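Chains as they are written, first to last, in the working numbering: chain A, 1 to 457; chain B, 1001 to 1487.
No false leads were mixed into what you were given.
As a list, the in silico SDA-like pairs of lysine to any residue whose alpha-carbon atoms are at most 25 Å apart:
1) LYS43/A <-> ASP54/A
2) LYS432/A <-> PRO28/A
3) LYS432/A <-> PHE1014/B
4) LYS1096/B <-> ASP423/A
Hints were generated in silico from the structure; no laboratory data involved. Everything numeric in this text was worked out from a predicted model, so none of it was measured.
The lines below spell out each chain.
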Amino acid sequence: MSALIFTTVLGIILLYLGLTKNKTILSPVAITGLLITLILSLKDWGLDSKYFHDMIIFDNFSIAFNVSMIIITIIIFLFGIDYYQRMELHVAEQYALMIFALTGAFLMTSFSNLIMLFLGIEILSIPLYILAGGKKASFRSNEASFKYFMLGSFATAFFLFGIALVYGASATFYLPEIKIYLAQFHGNLPPMVMIGLLFIVIGVAFKVAVAPFHFWSPDVYEGAPTLVTAFMATVVKTAGFAAFYRLLCMGLLPLPVPLEKALWVMTGLSLLIGNLAALRQTNFKRLFAYSAIAHSGFIMLAMLSQHDTSASVLLYYTFVYSLATVPLFIIFILVKRASNGLETLYIFQGLYKKKPWIAVFTTILLVSLAGIPPTAGFMAKYQVFVLSISQGYLAISIFAILMAVVGVYYYFFVVREIYTESDHLHPIVVSKLNAGIIILCGIAVVVLGIFVWKLPI
Amino acid sequence: MLLLILLIPFITGFTLLGVRNAAAVKVVALSSAILTLFLTVSLVFFLPATRFSVSWINFLGTDFSLGYDGISSIMLLLTNLLFPFIILAGFKHEQKQVPVLYALILFTQSALIGVFLAQNAFLFYVFWELALIPVYFILLLWGGANRRAITFKFFIYTLTGSLILLFGIIFLYQLTPSPHSTDFLAFSQLIIPANTQIWLFWILFIAFAIKMPVFPFHTWQPPTYTMASTQGVMILAGVMTKMGIYGALRFLFPIVPLGVLFWQNTVIVLSLIGVIYASIIAFRQTNLKKLIAFSSMAHISLMVAAMFVLNYYALQGLLFQVISHGVTIVALFYMVYSIEKQTGTLELPMMGGLKLHAPKMSVLFLMVVLGSIALPLTAGFVGEFLMITGLFHQSVWFALVGGITMVLGAIYMLYAYQRVMLGNKEVNYESKTDLKPLDYFFLLPLVLIILALGVYPQPIFNLVEQTVKSMQNLLTPATEVMSAWVH
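The shape of chain A in the complex, shown without the other chains:
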């Protein structure tokens, strides 16, 4: 709880610091603040503290996810030091908005009441609508913001409607009570509850960009400022899946059959659409948008193969995915600067020639996302497959494995470009700080792949 309060205050402090027009103190303050939040969160480990009439519960599950999101945000802010040097206006607001979004994310991992989930999603989303439009002069950024806002509002409406229907039937917002209420029907739910649950799931599915509710994501990823895209692809996704897991596995188990079927269809579609659409992309950010959808498919697979290790696998997967994705977006920014703002995959040509070490670590990060040993990305996929196969979902596992091959295909498309020689020889400037973090992330991805952990969450 203290962590939650502290982040809120931190956001406000950052806003006021913006008044001083001194950009250099912002990131140190934000990073120190987040480190304190990290410690405050860890202090609650194992306590299962509940607040506001059990509306929020900080159990190990939520703390683990919060800590992982804080670490990823810190990495994003570390990259931000260099990134925001070049921006003139509203830097403080950008930091503050990301912190506010993080606060929303904390609520999403720790709700036990549907209203709290709704609040969390909204607190997360509204800063993002603004952040996506962060480049005010850019047409695409505005488009992204507007699109995200419109479709996001739709999803929210669905979500609220769903909550209302469930409340109408069960007269409660409280997840454990809803669970008891659902249990009395032994699987034959009345249509009103069924539709309500379906709408709730659709609302969350939109937030995590699971097919077929993914249409916003490529456009928004492409239009938003790249650092914001990195934030959306990692922290927001992690929060969304934590909420999804809490909702499904802590609230609704055993899943009603129609709902489960719908979720399997979403899994299959995410794997299929994400991977196949990514194959055709030439824009790096769109490629990552679609590959993020594909990763959502794998995460859904882990979530639906319910087992007592599902939560741990979910955490591991989202964390190592984020750990590889954030630096890749940064490398993309650096390479883009060296090629007159182009965003195609071909701008990576000659990276190996110009910056061999950065190229090697970029390769490691891509290899991790592609899921090839000995990286953490492989271990994450391996654990997902172990879960799904041991729960007997053989057909979809085979399908997912074949889709993983497609994933390797497009990630290695980028790898291949890195090692191709190019004609244009603009130097790529990588600051010492950025290079350090990229290399650290690369090493972390390998180390996490060798020392795999399982948390009791």
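Position chain B relative to chain A; hints supplied.
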């Protein structure tokens, strides 16, 4: 000791990345490879069997356990025998980015050693994939024309197989009694219903079939071999094809014996089709490197056929042939490379009369060619003879087809020799020098091995005797179950 053999190439490879002097890099890499070879020989022939095991990922039932038996010994011996030569092949001329290249070669060696030592299916898989990555970069960065597209195809092709294998491993893992384990031992103790074994066989086999390659999974091979640099193709043809054979022996026979028996004839027929097909295409080649690539495919296919005959002679012949083929193919590709340096071309119609300029080279080339076509008193003969004897036990027709390929092989290899070396064509070759001392260092030991093993093959047989017998015992009960199941 096992850990040492695994780590020496890896650590040396890492160290090389920091060395600037190209000549020093090559020397260090070579000495590391020789040291590894020395350790391997003493391990395989002189030291008592050891195991190495530390717990790794407990909740996934995976230990970091290394060990070896007869089959692993053969593979280890071959790998570590060939790598000094593969490294030596680079001494002859200037290369770009030498430290990276040799680091990658040593990483490959380390991963291959890992594949052959792993006692745990998960560990096996990790090394299996790990071996692919440095090879991918060796091909991508040092390959020839059109390397981008070809390397990509090779990579995706092999990876598809591997991921399907991964599915098989996880499937087996969850079949093991709780707490689950990915140990080969635990896998081989499983009793899997016949119906499951029949489909599981292909799940496990495809990865190996692609690697070897078996017809019809071979389409990545010819362009990759043709495009690859000399060292790349030596790694691919000499060692990586053996990974497929090793994997098949390690996974299929102990774990899905009924599946093996069910598909036995299918695979043999596919392999024999591969043999004939590759021989005919080799026959029609005008490019020397392609010709040898297809001849290699024909030889490997015959080995696969022999593997699935499941009899004592065939298995012994197969394991013997693993060594003999590895040595011969590396020598052949070195010859190709030397010839290309001399003539500046690989097209057979453009060549001829090289013997006039380089008589010594022509003699050594002939010896390697004779080893490749399995002339008696060369190593190739021992292996192929045993394999065909084994095929004969299964069916006369199989033996007949296998025998025909030996004849075909003799024809196209001698034809190639004739086109390159004989005749008195006056061609403007780029250089007119004969072999240099370095070439003798490379070729003489290999030719000596080919001859020595042809005359006295017993040490290799002793090495694999026990394992082959135990594989036999393993399959005997399966044969009974199978016949009961069919009737």
